Amino acid sequence: MKWVLAFCLILVVLPGIIMYASGAFPSGTEQYYHVRVAELFSSFSSLPHFFVIDTMTFAGKEIMWTPFYGLTALSLEVFSWKDSVYILPILMMLVSVALFYILLQKEGFSSFQCALCVLVFTASPAVVYLETHWTPSAFAIPLLLAGVLVLRKQRILSTLLFGVVASLGIIPGLVCLGVLWAYGILRKVNVVIQWSFVLLILLANFLAGMLMSAQETTSTIIADLGGVYGFSSFALLLGILGLTQVWHRRTQHVQVYALIVSTFGIAIVVPELLPFLNIALAILAGLGINELVHMEWDLPSLKYITLVVLGCGLLFSGLSHVFLVMNEVPSINVVNGLVGLSDRPMGSVLSSEKNGFMIELLSKKAVITDSFTGHTSDDARAIALNDAALHASSVDEVINVLRIAGIKYIVITSDMYENVWEKHGEGLDFVLHNSDVFKRTFGNEELEIWEYVPSVSTKKSV
Amino acid sequence: MLQLVKRNAAHVVLCKLIEESILNITRILFFMRWIWVIMIVTFVAYTSFALLTPGLSSDGSYWQFRNVEQILDSGKPLFDDSLAWGGRGIVFSPVFAYIMAVPAVLVGSMLAAKLMSGFVAAFLAFAVYATSVRLVKHEYSALLAAVISVISPGAVSFLFNQISPIGLAVPLLILSVGLVSDVKNEKILLAYIGCVATAALLHPLTMVFAAGLLLVPVLKIAEKDLPSRAQMEISLFSAFFVLWTEFILYKRILLLDGTSILQGVPHELFLGDSAPLTVLGVIFSVGLIPIVAAIIVCLRYFFGRLFTSLNIVISTLLVLSTTLVIGFVSQNGVFFLGALCCVLFAAGFARFVAFFPLTRLGHSTVLLVAIVVVLVISVGIPGLEAFSQSRSSFSPAEEDAFVWLATNTPPMSTIVALPIEGQRINALGLRKSALDLMFEGRSDSKTRALLVARVFSARTEIDVTSAMRELNADYVYVSPSARSLYGSLSRFQLFDCFHLVRDDVVQIFEKQESCRGVA
Chain F
1 MKWVLAFCLI LVVLPGIIMY ASGAFPSGTE QYYHVRVAEL FSSFSSLPHF
51 FVIDTMTFAG KEIMWTPFYG LTALSLEVFS WKDSVYILPI LMMLVSVALF
101 YILLQKEGFS SFQCALCVLV FTASPAVVYL ETHWTPSAFA IPLLLAGVLV
151 LRKQRILSTL LFGVVASLGI IPGLVCLGVL WAYGILRKVN VVIQWSFVLL
201 ILLANFLAGM LMSAQETTST IIADLGGVYG FSSFALLLGI LGLTQVWHRR
251 TQHVQVYALI VSTFGIAIVV PELLPFLNIA LAILAGLGIN ELVHMEWDLP
301 SLKYITLVVL GCGLLFSGLS HVFLVMNEVP SINVVNGLVG LSDRPMGSVL
351 SSEKNGFMIE LLSKKAVITD SFTGHTSDDA RAIALNDAAL HASSVDEVIN
401 VLRIAGIKYI VITSDMYENV WEKHGEGLDF VLHNSDVFKR TFGNEELEIW
451 EYVPSVSTKK SV
Chain Y
1 MLQLVKRNAA HVVLCKLIEE SILNITRILF FMRWIWVIMI VTFVAYTSFA
51 LLTPGLSSDG SYWQFRNVEQ ILDSGKPLFD DSLAWGGRGI VFSPVFAYIM
101 AVPAVLVGSM LAAKLMSGFV AAFLAFAVYA TSVRLVKHEY SALLAAVISV
151 ISPGAVSFLF NQISPIGLAV PLLILSVGLV SDVKNEKILL AYIGCVATAA
201 LLHPLTMVFA AGLLLVPVLK IAEKDLPSRA QMEISLFSAF FVLWTEFILY
251 KRILLLDGTS ILQGVPHELF LGDSAPLTVL GVIFSVGLIP IVAAIIVCLR
301 YFFGRLFTSL NIVISTLLVL STTLVIGFVS QNGVFFLGAL CCVLFAAGFA
351 RFVAFFPLTR LGHSTVLLVA IVVVLVISVG IPGLEAFSQS RSSFSPAEED
401 AFVWLATNTP PMSTIVALPI EGQRINALGL RKSALDLMFE GRSDSKTRAL
451 LVARVFSART EIDVTSAMRE LNADYVYVSP SARSLYGSLS RFQLFDCFHL
501 VRDDVVQIFE KQESCRGVA
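Chains as they are written, first to last, in our numbering: chain F, 1 to 462; chain Y, 1 to 519.
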């Protein structure tokens with residue numbers, strides 16, 4: 001059977017060698033991206049960075065370091081990029097085949113069975129792809145096999161290996177969790193530590209992703225991150241503590257637990273559920289505080305200080321939200337301006353989507369988009385027109401949009417210089433201040449209203 | 001009669017209390033006499049040389065200086081700076097500025113800054129000594145560590161003639177490292193919480209300490225020793241409190257820039273002037289002997305199960321080293337690293353002193369003294385070099401140039417200069433600067449850095465004027481530093497759009513208003 005193994009190893013190596021010998025460039029596209037990112041990580045300074053910005057993608061993209069890029073960067077120090085993308089996947093698949101064989105033997109498979117399994121594995125299209133394409137999956141598979149192999153004898157090494165696999169992304173992480181769970185059941189092995197570590201890595205990845213770009217959905221859940229319906233971070237922490245107090249009753253009230261968990265999951269994309277979920281959180285947080293108060297601490301003074309800090313934190317979240325709400329537009333300056341607009345002749349208004357409701361109510365004029373503008377094809381067209389006008393770089397582009405949408409007025413509020421543009425003098429703001437066809441009819445430090453006066457002829461039409 | 005007796009008894013008790021306090025203080029003063037000497041010498045040395053040095057030795061210090069002046073004028077910190085970056089809002093913790101304002105009220109801002117630099121250096125010596133004595137329990141090693149901590153190049157580079165929150169935060173963190181080992185004592189617990197809370201309010205580097213505390217139970221478990229409940233409580237509380245404080249203070253920056261509050265100034269902002277952090281640079285900054293001692297102590301801890309009392313120092317060192325290597329923490333972390341290495345050096349040296357008598361030359365006190373002198377010199381000589389660099393960072397000719405700006409240019413002018421000169425232009429020239437190193441919360445920092453670099457490096461007039469227009473700038477400030485980076489820059493004299501208004505060591509060119517370049 002060792003001949004079969006040797007044959008499989010040759011099968012792994014052969015495609016790569018043939019392609020390399022023929023002088024062909026590595027096939028596929030994904031590995032070119034990974035090589036370029038690995039070069040970015042090693043080029044920024046003499047010490048590696050944890051995050052890099054990929055300026056070659058549109059609008060730039062922030063990328064987090066993973067061990068996969070570490071190994072690629074290391075290989076690029078020794079070999080050329082072309083050699084690296086040939087050598088690395090072959091090496092990884094060779095190791096995978098060997099580990100797979102050893103693992104099967106250890107699990108009690110006969111030599112014949114091992115050989116057959118390894119042969120099928122080696123000849124599978126997936127492995128053929130992975131041995132010629134340097135991707136995170138090619139990196140993950142041997143580590144996963146190694147982790148399972150040493151799970152019983154070398155727990156720390158196994159934990160580290162699973163952690164490295166989980167750091168590559170959500171899918172490898174979920175695969176780790178699944179494999180651990182299955183192996184734990186089949187071989188009656190305690191995998192709690194490995195499971196926890198993988199979950200920790202997944203959570204760290206998630207939090208890092210949240211920090212890298214505060215996305216709308218995650219920031220709506222946490223009030224301290226700007227979510228208007230969001231939870232206080234303190235209440236969340238206390239809620240988790242409270243949950244641990246009632247977790248033992250989950251089997252008795254499985255429907256309630258399932259409802260709360262699924263509602264929380266839905267609330268990530270439907271923030272309107274958050275005020276209702278807040279009721280459940282308040283109960284859990286209350287239980288959490290109760291647990292803290294009655295818990296015996298080795299340092300009693302620390303307990304009181306902790307309770308004071310938690311109390312201040314809860315109050316602070318609420319108070320800061322009060323200030324946030326108070327400072328939201330519209331201020332009296334904005335209201336006066338928009339009410340004044342209601343006296344002007346009829347015509348639609350162009351502004352930021354967030355100002356839509358305010359303009360509709362106060363100036364009694366229609367807007368192109370407001371916060372209810374949805375995802376139908378008409379709405380998408382409206383959003384596209386609105387964005388095109390706001391980020392236009394010439395007066396003709398703006399006039400085109402105004403004519404298509406029948407717009408007569410443009411409303412600029414001070415917060416648009418942070419939300420829409422990065423600074424003054426960009427996009428529509430630049431056009432308005434440098435064109436004769438727009439007349440400023442109202443202006444104060446928080447609001448400008450411009451009117452489109454097409455008496456100056458323009459050459460371009462729709 | 002009864003009242004008289006009671007009054008007498010109270011009087012006796014009071015007298016006894018006062019006597020005991022005086023005795024305790026005298027005992028402490030006597031026992032710690034050498035550290036007081038070191039602190040006084042450090043304070044006097046740092047302050048007197050700072051007084052002999054014109055101005056302050058870093059650009060960031062000038063921003064703190066302006067902040068203090070603002071507080072003295074209006075009581076409020078400089079959250080809206082009308083001069084930096086042509087006018088911008090800044091997110092920062094004002095605690096350090098308020099602390100500085102207290103002596104500034106009495107002696108003036110500049111003198112307070114000089115005194116503060118001396119005070120912080122003395123405080124660092126005390127913190128290293130106190131922590132070393134508490135953890136290592138060997139006074140002479142602790143004294144030597146305290147001396148090394150204030151003469152190392154890193155300490156001199158960060159502290160001499162400068163004011164910054166990290167200068168005060170690091171000694172507090174070192175004290176916290178020492179206090180956290182004995183938190184069952186209520187007074188020490190309160191002192192520890194005070195130190196950590198103040199450090200958290202001063203600088204986000206405190207998060208590294210919090211992460212180090214969380215690593216301690218992991219290290220203990222690795223040693224097959226369960227952490228005590230008190231340890232878990234204090235670790236979790238500290239981590240939670242520090243993270244919450246930093247989140248509250250820097251929420252806006254975290255939302256805009258992610259983890260940039262720790263990562264420090266992006267390399268692009270230095271316009272090629274400052275070398276990135278290297279391993280050799282770190283060794284030079286910390287000192288070879290402290291680093292070697294720290295490495296040996298760590299190795300003996302992990303593989304020899306020695307120095308178990310230093311697990312908090314070692315875990316913090318591990319976290320800090322890792323975050324420095326991966327670029328998660330800026331060069332400010334090197335200062336903290338140096339102080340931690342000094343504590344570990346104390347431990348290593350104490351062990352060496354205990355081992356030395358067992359050797360063949362163990363009877364020779366002279367040899368031991370010579371070793372100590374060599375150690376001090378090996379750290380002190382690079383420290384002297386750092387000292388001379390700090391002294392020469394700002395010449396009288398440049399000071400004159402800033403004064404010229406303040407008196408000969410319109411008040412709303414914007415000046416293009418190197419980012420490391422930005423705050424000086426604001427503080428001394430009283431004019432707007434196009435760019436400085438306070439990039440936090442600004443998404444356009446790299447764009448502006450490219451524009452400033454273009455002003456200095458572009459060969460054609462139209463490129464320069466276009467960049468000036470985008471920066472909304474009126475003058476170009478050509479210092480010796482700019483010339484060393486970009487060459488003689490004499491091409492400005494050939495440009496029609498630029499008029500040389502000051503020709504000296506520092507040249508200043510005015511852009512004609514009619515020249516707007518292209519969009």
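The hints are simulated quantities; they were obtained by calculation from the structure and are not laboratory data. Computed from a predicted structure; not experimentally measured. A portion of the hints provided could be inaccurate.
Restraint-style ranges between C-beta atoms, simulated for each label pair [said to hold, decoys possible]:
# : chain 1 : residue 1 : chain 2 : residue 2 : range
1 : Y       : P396      : F       : E426      : 38 to 46 Å
2 : Y       : P396      : F       : N419      : 25 to 33 Å
3 : F       : F112      : Y       : F247      : 58 to 66 Å
4 : Y       : L214      : F       : V95       : 44 to 52 Å
Quick reminder that beta carbons are idealized off the backbone N, C-alpha and C, glycines included.
Going down the list of hints, with the structure as the test:
For the pair P396 (chain Y) and E426 (chain F), the supplied restraint of 38 to 46 Å holds, since their beta-carbon distance comes to about 42 Å. Between P396 (chain Y) and N419 (chain F), the C-beta spacing of about 47 Å breaks the proposed range 25 to 33 Å. Checked against the hint of 58 to 66 Å, the C-beta distance between F112 (chain F) and F247 (chain Y) comes to roughly 60 Å, which is consistent with it. Checked against the hint of 44 to 52 Å, the C-beta distance between L214 (chain Y) and V95 (chain F) comes to roughly 34 Å, which is inconsistent with it.
Of the numbered hints given earlier, the model fails hints 2 and 4; all others are met.
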